[in-house]
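Asks: Residue-level listing of the chains:
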Amino acid sequence: MKSLALRKALAAAGISLAALLANHGASLAQEAVFVIATNEVGAPTYNPIKASNLNIATTLLFDRLVSQDTDLSFHPWLAESWEEAPDGMSWIFHLKKGVKFHNGEPFNAETIAKWLELFKASENAYMTKAIAKVEVIDDATVKFVMSNPEPNLLYNFSSSYLSIIEPKSFVELGDNYGVTEVYGTGPFKLESFVVGQETVLVRNDDYAWASPLAKNRGPAKIAKLTLREIAEDSTAFLELKSGGVDMLLGVPTDFLTEIKAQDNLEVLTLPGQDVAYMPINVTKEPFTDIKVREAAAKAINQKEILDSVYGGVGEVANTFLISALPEADIDAKYKISYDPDRSNALLDEAGWAKGADGIRAKDGKPLKVSLWTQSDSSFRRLTEVVQAELKAVGIDSEITTFDSSAIRDQYKSGNQQLAVRSYNWDNADIIDWFFGGDRLGYPNVSMFNDPKAEELRAKAMTGSKNMAERIQNFKAYHEYVLSQFPMAPIYQPVTSVGYNKDRLVLPAEIHAPSVGATVIMDIEVKE
Amino acid sequence: MLAYAIRRIFMLVPVFLAVSVIIFLILHLLPGDPIDNLLKVGAPVEQRAEMMARYGLDRPLPVQYAIWLGKLLTGDLGTAIVARRPVADLIGQALPHSLALGGLALLFSSIVGILLGFVAALNRDRFLDRAIMGGVLLGSPLPSFWLGLLLILAFSVQLGWFPVSGARNWSSLVLPVLTIGLGGTALVARITRVSMIDIASRDFVMLLHAKGLSPLRIQLRHVLRHALIPVVTILALRIGWILGGAVTVEVVFARPGLGTLLIKALNQHDYPVVQASLLMLAMAVMLGTLFGDLLQAAIDPRVRGALA
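Chains A and B are the protein sequences, given in the same order. For the first sequence, the residue numbers in my numbering are 1 to 527. For the second sequence, the residue numbers in my numbering are 528 to 835.
Isolated chain A, as found in the complex (with noise of 0.2 angstroms):
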């Protein structure tokens, strides 16, 4: 009798164990697990004002005025419409009506101009330094009057530090404003969040004014959305072979075959906004020639670098943006391709012969240089590509690897001859951050100061009234620092998303840059 009793509860446990084992998995009807991907990891506030490093969960919790398309085109958000003077120096949001915070309070003309007066304690306060002042004109409508003509500002209200805050409660809440509590006007409501491990999301019921690139127009359809932080990329793969979670939000190039391996899985590829490119410090012999530097810069073969290290996913870089931007989009003389014979043909010009043993030499002194490079595994295997490829052309150089977070002050020695590096960043503004004379050695990498480039630059940067004068104006500057060869392009890779298609159901067209909350919008879990 006894041991009749004990046997039945030792099965009640078992049973309660493979319930309890059985329930990790994300099962419930309209419930989703991401995992964000791995450079946003540990960001700690959901405060767009303070934070310096904001994950995707903020592009859920807060909306913003404009919304960018795949092909980085400006659309309406919480900004129904918007005019600029012709001269530059004021503009005109109409804004949406009928839009609520998560805590009740209106969102209107007045909640913009308390906005931008607390954002002026950010220190991504440059963003709308142009804006001198704000005058709300009615409920909807709301001007700008500004200092300077800024035709980047439509570019700056698409940027997620730019997501409309609560005033009110982002005053009453402080420090905790972003970390126990958070109000915006997004899709979805913060319900918990530990920094470093998980942000869980639940639907604002209310939503009804989404951007109009995505083709949902009420609520979104998760109505929880857990949002998994997994710093380790095996770990993050593992949990969505097993069903642990519905998606990863970034997915290296290594785990891309393992992944449409499975049955269950599918990848889903967006435009990137990586360029990986070699600096060439102009400052250093033998690249205070230009000749080398052309002659360096056409031996690398991007087509072959594409097919054999990233197995032929994502695109070949022949400028220095990526090439959604317009202001790639130059004379095809300024591109920078593969180009073996003129790059021997210069080097012979410029003095450097072939020795026997293939690497070249000028007046005894062989042509031997150093390239840099960090620590991740994926840059030590393009480097040895490139080194190899410098080769062909007679030029011997040298890895030095450096750890990832210390080799921006290394730069900084401006000692560097070549390196290999990437940047992630979509707006033509990049070239001033990586080409600007007053940036040498760290971000300035080429150490490349040139009269003729700052002129550009600063009217580039400064003296355009509107958007397509800024383009044209980034242009002649983008192909001004292309053809004195500080760098040369190397490839342009893709963001992959993996998710389980048993579990989800994307948009058949996908019109944002990234998946944020255009793209969430429209994904659908299967019951």
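A portion of the hints provided could be inaccurate.
[Stated by the list, open to error] Dumping the calculated DSSO-like pairs for lysine-lysine here, alpha-carbon to alpha-carbon at most 30 angstroms:
id : chain 1 : residue 1 : chain 2 : residue 2
1  : A       : Lys412    : B       : Lys567
2  : A       : Lys362    : A       : Lys284
3  : B       : Lys567    : A       : Lys114
4  : B       : Lys567    : A       : Lys335
5  : A       : Lys391    : A       : Lys291
6  : A       : Lys143    : B       : Lys567
What the hints contain is simulated information worked out from the structure, not anything from laboratory work. Bear in mind that the values here come from a model prediction, so they are computed numbers and not experimental data.
With chain A held as given, fit chain B onto it using these hints.
Replies: Just chain B now, with coordinates in the frame of chain A:
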């Protein structure tokens, strides 16, 4: 005993100061600074100097150290430069997870290790002894992040028993605890075994046998008890070691904790967070040693006498 404890605690003060200097210096001598992680593309050039001044990074190192130590002594760990939150909050969120993981791993390696060592010693030089010692030896040198991934593959992906990662419920603790615990088991088992064999050859054990006590009783009540003294010392030393060893395991299993916090902060050069995390780990080692010494003194009067 009390006098011994007080003296032993006072000895921690110079150690603490030395550790704080080393932590501070190592970090600030590393190339790179947190400002690079704060500046956004498009930020004006002057902003760099402005921010250096705002966070006091433009002052001489000894001054920065004095300010940090002064605040530390009043219990203020400062505010994270990149993470923008009070460091005490970040540590407060991370520490319970690390303690739970470390504590359970320590418990696991103590129980399993002592048990295996005991069984091995009883079967000295026989097959079971060789099998156990060979087995634990195989387990100990495996890198923990690799062992962790293997365990995930076997128990989560293939068998589906435990979640792959996270820290939602107790079942997500099983694999990380095993990963850290298995490494420590080997050491504990070996020390238990050697120490038991050593004690078993002592005269007083011979006497107990002569008195006709049952061999199992002798082993359990007398030999094991004496043999545990070195084991306890080793275990206490491992308290800090286990917290530090959990760093990579936390990252592999995507668990919150000091390790994940430390690695993220190191990559961003977030000085206040790294300093505080390292200090916590160093304190764990110091307190572990202290605890081990006190425990040993409590068990063994000879130790108390030596310092007195």
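Asks: List, from low to high, the hint numbers that the structure doesn't satisfy.
Replies: none
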